[in-house]
Amino acid sequence: MKNLPKSVELLSGIDHKPPKQKGWMDTPVEIRKGMYCYASNPKSVEYLSLPNARPWNPLEDDWKLPENWQQILHDGFKERLERFRSFKIFMDICVRCGACADKCHFFIGTGDPKNMPVLRAELLRSVYRNDFTTAGKILGRLAGGRKMTLDVLKEWWYYLFQCSECRRCSVFCPYGIDTAEITIMGRELLNLLGLNIDWIATPVANCYRTGNHLGIQPHAFKDMLEFFVDDIEEITGIRVEPNFNKKGADILFVTPSGDVFADPGTYNCMGYLILFHFLKEKYGLDVTWSTYASEGGNFGFFTSHETMKRLNSKMYMEAKRLGVKWIIGGECGHMWRVIHQYMDTMNGPADFLEEPVSPITGTRFENAKSTKMIHLVEFTADLIKHGKLDLDPSRNDNLKVTFHDSCNPARGMGLLDEPRYIINNVCNHFYEMPPNTIREQTFCCGSGSGLNAGEDMELRMSGGLPRANAVRHVHEKYGVNMLANICAIDRAAFPDLMKYWVPEVGVTGVHEMVANALILPGEKERTTDLRGEPLPGMEDEADE
Amino acid sequence: MKIEDFLGSRKKDIIEKWFNRVIETYSDDTAHFLKTQKDPFANPVGSNILSGLNALFDGLVSGGDEKEIEAFLDRIIRIRAIQTIFSPSQATAFIFDLKKVIRDIYKNELNKSDALMELLLFETRIDSLGLAAFDVFVKCREQIYEIKANQERSKIFRAFERAGLVTEIQEE
Amino acid sequence: MNVNYIFSLIAVVVLFLLSYVGVEAMGLQVIFGVIIPYAAFIVFIVGFLYRVMGWSRSAVPFRIPTTCGQQKSLPWIKQNKIDNPSSTGGVIIRMALEILAFRSLFRNTRMELNDQKLTYKWEIWLWVFALAFHYSFLVVLVRHMRFFFEPVPLVIKIIELLDGFFRIEFLSPVLKVGLPGIYISGLVLLASVTFLFLRRIVNPQVRYISLAADYFPLFLIMGIAITGIMMRYFTKLDIVAVKELTMGLATLHPTLPEGIGALFYVHLFFVSVLFAYFPFSKLMHLGGIFLSPTRNLANNNRAVRHVNPWNYPVPVHTYEEYEEEFREKMIEAGLPVEKE
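Protein chains in written order, with numbering that gives the first Met the number 0: chain A, 0 to 543; chain B, 0 to 171; chain C, 0 to 339.
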């Protein structure tokens with residue numbers, strides 16, 4: 000009842016202005032429901048032999064930290080300053096011009112000032128100045144330094160798991176300071192104390208053991224794909240035959256396991272199967288799936304560089320064991336940041352593989368000649384350009400499509416025009432969202448970097464608001480009803496986001512649309528798309 | 000002059016004051032951003048609130064269609080329902096801010112006959128809007144819980160589990 | 000009241016009093032005219048090198064450019080060679096645009112068509128004033144080099160001439176009033192530094208993130224600009240004597256000529272403090288921007304392997320271990336295995 004106004008106040012109206020703001024260092028963190036993810040399950044932490052596995056609860060006062068946690072953090076900080084020039088420079092050179100402040104989708108959506116990228120970084124910088132700079136050691140607060148206390152630690156944890164490492168702020172920074180890099184380091188430090196979230200820790204443990212985030216065992220992985228084979232046969236009349244763990248295949252295909260188990264990624268997975276079948280029938284291309292390297296995504300990337308490397312190692316090891324020529328990767332966001340910017344350095348050189356050359360078009364993928372792994376979207380775009388696919392885009396005529404650039408392929412790679420080229424060739428109605436929300440300025444889905452759990456739904460809905468707002472714009476203006484993307488986290492997160500903000504818009508991967516348009520040799524007349532929805536003009540036939 | 004006409008003629012002023020009061024429920028620095036960034040895509044919160052308030056005001060003055068008014072309420076409340084910095088009352092109280100704004104503007108008219116009566120009648124409309132706001136707020140919150148509960152992912156994951164297709168680490 | 004800028008303001012006022020009283024009342028010309036400038040110069044050089052070397056000592060384990068345009072992939076897809084460079088040449092252009100034109104900061108601005116009229120958003124002023132500030136500072140710095148060369152190199156003379164082309168002269172047959180040529184750079188510097196300061200206190204967002212360390216250099220540079228302008232346009236200054244002093248410093252034969260007012264020593268002291276403060280502060284962004292790994296690396300990751308100097312082996316879960324655990328289920332499902 001404390002909010003009930005007094006009668007005098009009633010006349011003048013209730014004042015909702017928040018109390019006069021103190022400086023950010025004097026505003027202690029308040030861990031709010033809906034904005035954080037549950038703490039890591041100790042069993043998962045233990046399975047990877049990571050430090051301080053124990054049950055703990057972020058809402059409790061005692062986080063069960065090791066006795067010398069401050070020392071551990073200090074030493075860890077120091078080590079990372081020496082190992083990563085990026086970290087050291089980003090700690091030193093920010094001038095706090097504020098150009099990044101309103102570029103973060105979490106700031107825009109939540110209105111919480113500590114979600115301004117500059118402040119997120121200052122959470123670490125303040126401790127850095129106190130511990131590692133002369134001025135900070137002497138002047139303390141006046142030089143912007145502060146001691147590492149339990150409150151500061153909690154603040155780190157809360158806000159470092161409210162950053163999706165999307166790098167949008169980095170685009171606008173005059174020095175290229177990348178908050179993703181700072182969040183990555185911060186989370187690495189938190190992991191030294193066992194402060195991970197379970198939505199990351201358990202997938203990582205699963206992936207280490209079974210090869211994929213969900214812990215799908217080999218036989219079950221095969222079963223799942225065979226369900227799709229049945230579905231495809233029902234729709235097209237063609238029985239596709241995927242290879243598993245096949246030695247001597249031309250190409251190893253790795254995609255995020257999200258495509259194998261959750262809608263609408265599963266339709267995209269059917270898309271891959273159909274495309275590979277087509278290529279096998281027409282051009283004899285031999286592609287194999289692997290149950291051991293059955294995860295393209297890498298939640299290790301959201302834990303530490305070391306964990307990322309441990310999980311990623313399977314791709315090259317499996318390619319070597321199977322003796323394939325090179326690797327194709329499916330549609331995924333952070334997976335591609337890891338492959339593009341980290342894999343070769345961490346687990347290469349891949350001298351046992353060949354430089355990727357499309358056996359169908361003869362195109363030499365010179366941009367991947369060292370890593371020897373190309374994006375399926377690059378591969379398909381090349382096929383379409385050379386007229387190697389038989390496409391009937393009118394089968395996607397019921398779709399009005401817009402394309403969401405996933406953060407990592409956009410800002411950690413630059414894969415922008417290839418997916419657009421494919422979309423424009425497989426469907427007839429494509430509309431761009433406003434320019435300051437796409438390409439390198441794309442807004443995150445709000446659920447990246449391991450934040451796509453259920454318990455932090457308010458965080459995800461507010462972080463996804465800028466993206467959803469742009470989708471609503473094209474929905475209202477052009478009648479857009481399908482949001483295409485090339486990321487498994489997008490496909491998992493957008494259905495929820497759309498349900499809340501723009502319920503009329505569905506979510507699809509790009510290769511689902513490719514497969515709908517692709518005419519398989521000998522197929523029966525299709526009456527439905529891969530989702531079992533009637534194709535345009537087939538509404539009556541589909542009912543029968 | 001009827002109160003509707005009077006308020007209609009002062010619309011720009013009223014909306015500006017009302018908007019400022021809503022924006023001031025955020026912290027200073029956020030409020031500044033919400034107010035000054037005019038690009039609707041860079042600032043969805045500010046722009047949706049502004050367009051929502053405009054439409055709500057028009058609806059109140061012209062006695063607009065209930066469904067339509069609810070849609071505009073939804074625009075604003077849908078956002079505030081997921082901004083955890085607000086309690087439910089804080090999230091919806093902005094409707095009643097309009098009373099304060101209108102009283103300030105209308106107080107010089109009050110000596111005319113019927114003016115007070117008209118104001119009171121108009122304020123009952125604002126009151127019912129406030130109640131409608133509460134409905135919308137609850138609807139949005141219910142939706143959030145529904146999404147949380149029906150998370151597609153976990154649903155399918157559990158299906159796997161039932162089929163014995165996944166193992167948990169603890170089986171070690 | 001904002002404690003951060005009050006503190007910085009007080010610090011600069013104290014510095015002013017220190018040098019003014021020191022010279023005027025205590026006759027400490029030797030300290031403020033010779034010892035401190037030398038010391039500051041040494042601190043600047045050594046400190047700057049120390050910081051840059053400190054950064055270079057840290058490894059660059061991964062190649063992590065922020066890509067802001069289309070990558071180089073298929074030959075028929077047009078690459079954005081500047082914002083997503085794949086070659087050293089591209090990186091050099093990207094860096095040059097970043098350093099010389101503040102390209103990323105410019106992204107902060109947006110043009111908008113309103114009623115057929117092109118309007119710029121407020122943010123453009125940050126870019127404009129940041130550019131104005133840095134370039135006018137550079138011109139002022141170069142212009143001051145005339146005090147350290149004899150004869151003055153032609154380049155400096157030309158810059159001086161261009162800078163001072165805006166001359167206020169009132170010439171009539173009866174009365175001839177002429178101000179010395181007004182240097183635009185000095186005025187622009189003062190105007191832009193004032194803007195940057197006001198922006199910090201007026202804009203609540205920027206105020207919220209600002210530290211004392213953000214206000215201090217602004218006040219200091221304001222102090223430098225104001226004392227400089229005072230000496231040039233309002234108080235009498237014996238230029239010849241000043242040049243004698245500066246040439247003495249430059250040739251390592253310091254002399255302290257008579258007749259130089261305390262204001263000059265204040266000016267010199269402010270400059271010395273700025274130099275000495277530089278390496279320990281955010282002003283080091285001057286050096287840091289060249290080393291920023293998200294900007295100074297080419298996005299050719301998959302084409303050219305980047306080597307991590309501290310890449311160490313990590314525990315992995317091998318295929319053998321995997322098959323060991325799941326062999327029976329794999330065989331049952333018809334999956335090929337290594338060991339039957």
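Hint data in this document are derived by calculation from the structure and do not stem from the laboratory.
Everything numeric in this text was worked out from a predicted model, so none of it was measured.
Glycine included, every Cβ here is placed at the ideal spot set by N, Cα and C.
It is possible that part of the hints are untrue.
Derived PhoX-like pairs (lysine-lysine); straight-line CA-CA distance at most 20 Å [claimed, not checked]:
hint : chain 1 : residue 1 : chain 2 : residue 2
1    : A       : K279      : A       : K136
2    : A       : K245      : A       : K146
3    : A       : K319      : C       : K328
4    : C       : K338      : A       : K245
5    : A       : K113      : A       : K136
6    : A       : K245      : A       : K319
7    : C       : K77       : A       : K245
8    : B       : K138      : B       : K10
9    : A       : K21       : A       : K136
10   : A       : K146      : A       : K32
11   : C       : K77       : A       : K246
12   : B       : K1        : B       : K98
13   : C       : K77       : A       : K136
14   : B       : K99       : A       : K498
15   : A       : K42       : A       : K21
16   : A       : K21       : A       : K77
17   : A       : K146      : A       : K77
18   : A       : K32       : B       : K16
19   : A       : K153      : A       : K32
20   : B       : K1        : B       : K147
21   : A       : K476      : A       : K498
22   : A       : K136      : A       : K246
23   : A       : K32       : B       : K147
24   : B       : K147      : B       : K16
25   : B       : K11       : B       : K99
26   : A       : K153      : A       : K63
27   : B       : K34       : A       : K113
28   : C       : K281      : A       : K384
29   : A       : K279      : A       : K324
30   : A       : K476      : A       : K399
31   : A       : K498      : B       : K1
32   : A       : K281      : A       : K368
33   : A       : K21       : A       : K146
Anything over 10 Å on all C-beta distances counts as not near chain C; from chain A, calculated [to be verified]:
hint : residue
34   : G22
35   : V28
36   : N40
37   : P54
38   : E59
39   : D61
40   : W62
Hint check:
Proximity of A:K279 to A:K136 is assessed by CA-CA distance (about 66 Å); at most 20 Å being required, the pair is judged violated. Pair hint A:K245 plus A:K146 does not hold up; C-alpha atoms about 56 Å apart against a cutoff of 20 Å. Straight-line distance between C-alpha atoms of A:K319 and C:K328 comes to about 23 Å, which puts the hinted pair past the 20 Å bound. A distance of roughly 15 Å separates the Cα atoms of C:K338 and A:K245; the hinted pair therefore holds under the 20 Å criterion.
A C-alpha spacing of about 24 Å is found between A:K113 and A:K136, which places the hinted pair above 20 Å, so the restraint is violated. Taking the CA atoms of A:K245 and A:K319, the gap is about 12 Å. The hint holds against a cut of 20 Å. Between C:K77 and A:K245 the alpha-carbon distance is near 37 Å, which puts this suggested pair outside the 20 Å criterion. Using a Cα cut-off of 20 Å, the hinted pair B:K138 and B:K10 is violated, with the two alpha carbons roughly 30 Å apart.
The straight-line distance between the Cα atoms of A:K21 and A:K136 is roughly 24 Å, outside the 20 Å bound, and the hint therefore fails. With a C-alpha separation of about 27 Å, the suggested pairing of A:K146 with A:K32 is violated against the 20 Å cut-off. About 37 Å separates the Cα atoms of C:K77 and A:K246, which puts this hinted pair outside 20 Å; it is violated. For the hint linking B:K1 to B:K98, the alpha-carbon distance of about 17 Å falls within 20 Å, and the restraint holds.
Proximity of C:K77 to A:K136 is assessed by CA-CA distance (about 51 Å); at most 20 Å being required, the pair is judged violated. Distance restraint check for B:K99 and A:K498: the Cα-Cα separation of roughly 35 Å exceeds the 20 Å cut-off, and the hinted pair is therefore not satisfied. A C-alpha spacing of about 41 Å is found between A:K42 and A:K21, which places the hinted pair above 20 Å, so the restraint is violated. Straight-line distance between C-alpha atoms of A:K21 and A:K77 comes to about 31 Å, which puts the hinted pair past the 20 Å bound.
Of the pairs offered as hints, the one joining A:K146 and A:K77 holds, with about 15 Å between alpha carbons and a cut-off of 20 Å not exceeded. Restraint check for A:K32 and B:K16: the C-alpha separation of about 32 Å exceeds 20 Å, so the hint is violated. Between A:K153 and A:K32 the CA atoms are separated by roughly 14 Å; this keeps the pair inside 20 Å, and the hint holds. This hinted pair does not check out: B:K1 and B:K147 have alpha carbons roughly 48 Å apart, beyond 20 Å.
For the hint pairing A:K476 with A:K498, the CA-to-CA distance comes to about 19 Å; that is within 20 Å, so the pair holds. Using a Cα cut-off of 20 Å, the hinted pair A:K136 and A:K246 is violated, with the two alpha carbons roughly 60 Å apart. Note on A:K32 and B:K147: the hinted pairing holds, with a Cα-Cα distance of about 13 Å set against a maximum of 20 Å. For the hint pairing B:K147 with B:K16, the CA-to-CA distance comes to about 37 Å; that exceeds 20 Å, so the pair is violated.
Of the pairs offered as hints, the one joining B:K11 and B:K99 holds, with about 16 Å between alpha carbons and a cut-off of 20 Å not exceeded. Between the alpha carbons of A:K153 and A:K63 the distance comes to roughly 12 Å, so the proposed pair stays at or under 20 Å and holds. Our distance criterion of 20 Å between C-alpha atoms is met by B:K34 and A:K113, whose separation comes to about 19 Å. Restraint check for C:K281 and A:K384: the C-alpha separation of about 50 Å exceeds 20 Å, so the hint is violated.
For the hint pairing A:K279 with A:K324, the CA-to-CA distance comes to about 16 Å; that is within 20 Å, so the pair holds. Between A:K476 and A:K399 the alpha-carbon distance is near 11 Å, which keeps this suggested pair within the 20 Å criterion. Between A:K498 and B:K1 the CA atoms are separated by roughly 43 Å; this puts the pair beyond 20 Å, and the hint is violated. At roughly 26 Å between alpha-carbon atoms, A:K281 and A:K368 are farther apart than 20 Å, so this suggested pair is violated.
Annotation: proposed proximity of A:K21 to A:K146 holds, straight-line Cα distance about 18 Å (limit 20 Å). The beta carbon of A:G22 sits about 8 Å from the closest Cβ of chain C, which is not more than 10 Å, so the claim that it is off the interface is violated. No beta-carbon of chain C is positioned within 10 Å of the beta-carbon of A:V28; the least distance is around 16 Å. Non-interface status of A:N40 relative to chain C is upheld: no Cβ of that chain comes within 10 Å, the nearest being about 19 Å off.
Residue placement check: A:P54 keeps its beta carbon more than 10 Å from all beta carbons of chain C (closest about 24 Å). The claim that A:E59 is not at the interface with chain C holds, since no C-beta of that chain comes within 10 Å of its own (minimum 30 Å). Against chain C, the non-interface label of A:D61 holds: every CB pair exceeds 10 Å, the least being about 31 Å. For A:W62, the non-interface assignment is confirmed: its Cβ lies about 27 Å from the closest Cβ of chain C, beyond the 10 Å cut-off.
The earlier numbered hints that this structure contradicts are 1, 2, 3, 5, 7, 8, 9, 10, 11, 13, 14, 15, 16, 18, 20, 22, 24, 28, 31, 32, 34.
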